[in-house]
Structure formats: structure tokens, C-alpha cells
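Asker: Take a look at the letters that make up each chain.
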Amino acid sequence: MKSFEEQFYIENPTRFEALKRDLLLLLWLFRRAIMWAGKGLIIRLAYKKAKNTGKPLVIEDLIKD
Amino acid sequence: MKKDFPSPELPFAYRDQPLSGNIINGLGETNKRAATQIFHGSGARELEWSKLELFFGLINPFKVSWLNLVNRWMLRDADGPIAKSKRKITSQADITAEIKDLALSFGAGSVGTSPLIKEALYKGGEINYANAIVILYPMDSDEMQHVTTGRAGTETMRAYMEISRTAIELSKKIRAMGWRARAYCEGADLLHIPLAINAGLGQLGKHGSLICREFGSSMRIATILTDLPLDHDRPIDIAVDDLCIGCRRCTIDCPVDAISDEKHMVRGDDKWYVDFDKCVPYFTEAVGCGICIEVCPWSKPDRGFSLSEKLLKKREKNKLKELI
Ligand code: SF4
Ligand code: SF4
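From first to last, the protein sequence lines stand for chains A and B. Note that the working numbering gives residue 1519 to position 39 of the first sequence, counting from 1, and the numbers run on in steps of one. Note that the working numbering gives residue 231 to position 221 of the second sequence, counting from 1, and the numbers run on in steps of one.
Derived by calculation from the structure, the hints in this document are not laboratory data. No experiment lies behind these values; they were computed from the predicted model shown. Don't take each hint at face value.
[Stated by the list, open to error] Which stretches of chain A does chain B cover? Using the computed rule of at least three CB atoms under 8 Å from a CB of chain B, they are:
#1 1488 to 1494
#2 1519 to 1531
[Claimed, not checked] List of simulated lysine-lysine pairs, DSSO-like, C-alpha gap at most 27 Å:
#3 B:LYS273 to B:LYS310
#4 B:LYS182 to A:LYS1544
#5 A:LYS1535 to B:LYS13
#6 B:LYS96 to B:LYS61
#7 B:LYS73 to A:LYS1528
#8 B:LYS13 to A:LYS1528
#9 B:LYS73 to A:LYS1544
#10 A:LYS1528 to B:LYS61
#11 B:LYS183 to A:LYS1500
#12 B:LYS94 to B:LYS61
#13 B:LYS323 to A:LYS1482
#14 A:LYS1500 to B:LYS182
#15 A:LYS1482 to A:LYS1500
#16 B:LYS61 to A:LYS1535
#17 B:LYS13 to A:LYS1529
#18 A:LYS1529 to B:LYS288
#19 B:LYS61 to A:LYS1531
#20 B:LYS73 to A:LYS1519
#21 B:LYS13 to A:LYS1482
#22 B:LYS61 to A:LYS1519
#23 B:LYS13 to A:LYS1531
#24 B:LYS281 to A:LYS1500
#25 A:LYS1528 to B:LYS288
#26 A:LYS1529 to B:LYS61
#27 B:LYS182 to A:LYS1482
#28 B:LYS61 to A:LYS1482
#29 A:LYS1535 to B:LYS288
#30 B:LYS323 to B:LYS310
#31 A:LYS1535 to A:LYS1519
#32 B:LYS273 to B:LYS182
#33 A:LYS1531 to B:LYS73
#34 B:LYS331 to B:LYS13
#35 B:LYS331 to B:LYS320
#36 B:LYS288 to A:LYS1531
[As the list claims (entries may be wrong)] Heads up, incomplete: computed chain A residues facing chain B, CB under 7 Å, no partners named:
#37 GLU1485
#38 LEU1505
#39 LEU1509
The beta carbon of each residue, even a glycine, is placed where N, CA and C say it ideally should be.
Working from the sequences, and respecting the hints, build out all of it.
Answerer: Given below as C-alpha cells:
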């Protein structure tokens, strides 16, 4: 998988390349926002519960491969 | 500064701990080699400790996460169109001074130049530029008194956004002169600290962060890589070690004892080293932590220059005493 820089930093892009980059980046950001609001909410609730009960969360159970 | 930091007993853990970050970092290795990415892969690349990084991103407060997304959107201009006609450089000294003035006028707190040294590249990293312009941007010391909370996390992100904006503006100016230039900010493909040290901006502290005279460690670093011919600054000695050897402030205040009072051999260099496996999980829990950089005496506003002067004088005095 490519790094953020490798994906979205383009030297001397053509107009089409710049537009494609912007659209892909928007999609990348949208996915991250959705993940924060969806999966993130579940994790934050579980995290809060773990803090209150003292029973630690298991990272691998929350974030699968 | 508030002292009720989160407990070191963390409410999360790996079932199967990934390979130790200290092994990946080359702790104890006597041969020189490139660093390997472990954790901050900007969330785009699978790294040994990626799951913890993703977890970190998902438990971050809304504002911190939102600013991170806005910053990433801004970073699409970190590289871009290069003017067809190349400005001829007749004096490297003049263009270096011009670039530094521009960086400061765009908002950088401090700026230095260095060749792109191999210590700044990760294993397998293919980045081909001749020079690096390293800029520093201070964080607000009042806001950073709230380390381990969303408030300090928000200030950190604000500083990231400001330094990104500055680095992007500068890279655009250089590209408008017809030279290649790319701004590296919050992402993780470049090691900024070795470049900042080589660019004469400061030295490595016991807490594993850069210490500069202007802002201590309470700042962010960004780098613009370019082929524009530039004069280079030299590493400076501001007497960081003189204080770190005797001072134990960060060692004592780190809640998970991640900071060592001894230097360690890391990939062939004897240097200050922070225990990755102890620090990073707590860093995750504590909204990016930062206790060590905020308690550091160098981070007190307007303290660095006089502190450095005092320490250097003391060193000279001690040398004289020894001679006598
Ligand atoms: S707190 Fe003290 S020991 Fe730690 S980095 Fe700062 S000066 Fe060095
Ligand atoms: S950021 Fe500094 S104080 Fe916080 S856990 Fe890491 S080493 Fe310790």
C-alpha cells in the first residue's frame, strides 16, 4: 500500500491528474470521516466502558486485518 | 501545568504484541542503517503498529480528527505545477537568504537549510532532492499546559495546519521559480529531526525530541525538499546535553518511565532514546501525550537563548577550572 505522500503528492500534474488526485483525496477523507463516525463511535463507546469497568479492550478484536 | 495525567494502566492492549518498536528502531544495533516506519504511517500504509495508530485516530476527539482531515486536504498542494522557465541562480547565498526571509514572512518561527541527508530517509524510501529547508512553528504555551487533553491535541493540530500552510506556500514559490519543491508536513515519509539538527535548528534532547533555543521542544517541524541550489547551515551546539545529563525532569514526569537517563546505541549512533513500546501506547491514550516536551525547561517561553548562553558559559568556566 502506498503512503499518503505517494498517493497524493504529484509533481507537475496535468489538469486531469490534479482533478483525479483531488477526487481520490476527497474519497480518502470521506472514508476516514465515515470511519471515525461509524466504527469510531463503536470503538469510543467500548473504550469508555473499558475505562469505567477496568476491563481492557483488545486492539485486535476492534481493528481487524 | 495540570498534573492529573491519565493513569499508566491503559484501558486497551494488544492480545499479541507486535514486534517491539525498539527492535524495529534498531536499539542496541551498532551498524548504521536506515530507520523503518512503525507507527505514524499517515494511516495509509500497513505498518507493524498500524492497528494502534488507527485506534489512536478513532478515539481522538472530534476537533482533533476534523483538523487532521482539513490539514490533509490542504496538503494536496504540497507538490504541484512547476513554472516552465527556471530562474537562474547567480548567488546561492542570496537565494538562500531570500528563501529564509520568505519562510519567515509566511509564518515560520525559525528556518534552516541542509542537504537531504540519508539519515532523513526511511528504509526503502526513494526521495530524490538535493536540499532541505526545515521550518519550525511554535505551539501556544498556554494551550499546551493542557497536555494529554483534547485541548492540547487541538493546539497541536492547529500548529500542524499553520506549518503546513507555510511549507506549502514556500514550496509553491520555489516551483514558481521553475525549481522542484515538495512540502513534507504531517505525513510520515521523512524523518524531520535529523534534518532539523543538520540545518542548525537545535539538538536532540533526552526526551527524544528536537530542542531549539526559540521554542524549546514546544513546536512542530516541517521540511520543504527542493533542487533549488542553496547554501547549507551547520549543526549547532546550544548545550542541550549539558543540561540533559543532570536534569531528570522529563524522566521523572513521564508516566510510563519511557525516558532513559543514559544514551543508547541506536542504528550505529549513541544517542538519547525513548522506549517505543512504553511511550506509544500511552501517547495513544493521552491524545498525543507531550508531557515530556512541555515540562522541559527549554520549552518555557523566551527561556532558550539565555539558558543556552548560561550553559555554554558554565561549560567554558568548567573547562578553565580543569585546565588550572
Ligand atoms: S526535561 Fe531536562 S532532561 Fe528532559 S529533555 Fe528537557 S532538559 Fe533534557
Ligand atoms: S510522550 Fe513523553 S511523557 Fe508521554 S509517554 Fe512518551 S516519552 Fe513519556
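Asker: A separate judgement is required for each hint: does it hold in the structure or not?
Answerer: Cross-check of the supplied hints:
no.: 1; hint: 1488 to 1494; result: holds (count 6)
no.: 2; hint: 1519 to 1531; result: holds (count 7)
no.: 3; hint: B:LYS273 to B:LYS310; result: holds (24 Å)
no.: 4; hint: B:LYS182 to A:LYS1544; result: violated (40 Å)
no.: 5; hint: A:LYS1535 to B:LYS13; result: holds (25 Å)
no.: 6; hint: B:LYS96 to B:LYS61; result: violated (45 Å)
no.: 7; hint: B:LYS73 to A:LYS1528; result: holds (18 Å)
no.: 8; hint: B:LYS13 to A:LYS1528; result: holds (22 Å)
no.: 9; hint: B:LYS73 to A:LYS1544; result: holds (26 Å)
no.: 10; hint: A:LYS1528 to B:LYS61; result: holds (19 Å)
no.: 11; hint: B:LYS183 to A:LYS1500; result: holds (24 Å)
no.: 12; hint: B:LYS94 to B:LYS61; result: violated (44 Å)
no.: 13; hint: B:LYS323 to A:LYS1482; result: violated (49 Å)
no.: 14; hint: A:LYS1500 to B:LYS182; result: holds (20 Å)
no.: 15; hint: A:LYS1482 to A:LYS1500; result: holds (16 Å)
no.: 16; hint: B:LYS61 to A:LYS1535; result: holds (19 Å)
no.: 17; hint: B:LYS13 to A:LYS1529; result: holds (24 Å)
no.: 18; hint: A:LYS1529 to B:LYS288; result: holds (23 Å)
no.: 19; hint: B:LYS61 to A:LYS1531; result: holds (19 Å)
no.: 20; hint: B:LYS73 to A:LYS1519; result: holds (17 Å)
no.: 21; hint: B:LYS13 to A:LYS1482; result: violated (40 Å)
no.: 22; hint: B:LYS61 to A:LYS1519; result: holds (13 Å)
no.: 23; hint: B:LYS13 to A:LYS1531; result: holds (19 Å)
no.: 24; hint: B:LYS281 to A:LYS1500; result: violated (44 Å)
no.: 25; hint: A:LYS1528 to B:LYS288; result: holds (22 Å)
no.: 26; hint: A:LYS1529 to B:LYS61; result: holds (20 Å)
no.: 27; hint: B:LYS182 to A:LYS1482; result: holds (24 Å)
no.: 28; hint: B:LYS61 to A:LYS1482; result: holds (17 Å)
no.: 29; hint: A:LYS1535 to B:LYS288; result: holds (20 Å)
no.: 30; hint: B:LYS323 to B:LYS310; result: holds (20 Å)
no.: 31; hint: A:LYS1535 to A:LYS1519; result: holds (20 Å)
no.: 32; hint: B:LYS273 to B:LYS182; result: violated (40 Å)
no.: 33; hint: A:LYS1531 to B:LYS73; result: holds (21 Å)
no.: 34; hint: B:LYS331 to B:LYS13; result: violated (40 Å)
no.: 35; hint: B:LYS331 to B:LYS320; result: holds (16 Å)
no.: 36; hint: B:LYS288 to A:LYS1531; result: holds (19 Å)
no.: 37; hint: GLU1485; result: holds (5 Å)
no.: 38; hint: LEU1505; result: holds (5 Å)
no.: 39; hint: LEU1509; result: holds (5 Å)
Violated hints, in rising order: 4, 6, 12, 13, 21, 24, 32 and 34; the structure is consistent with all others.
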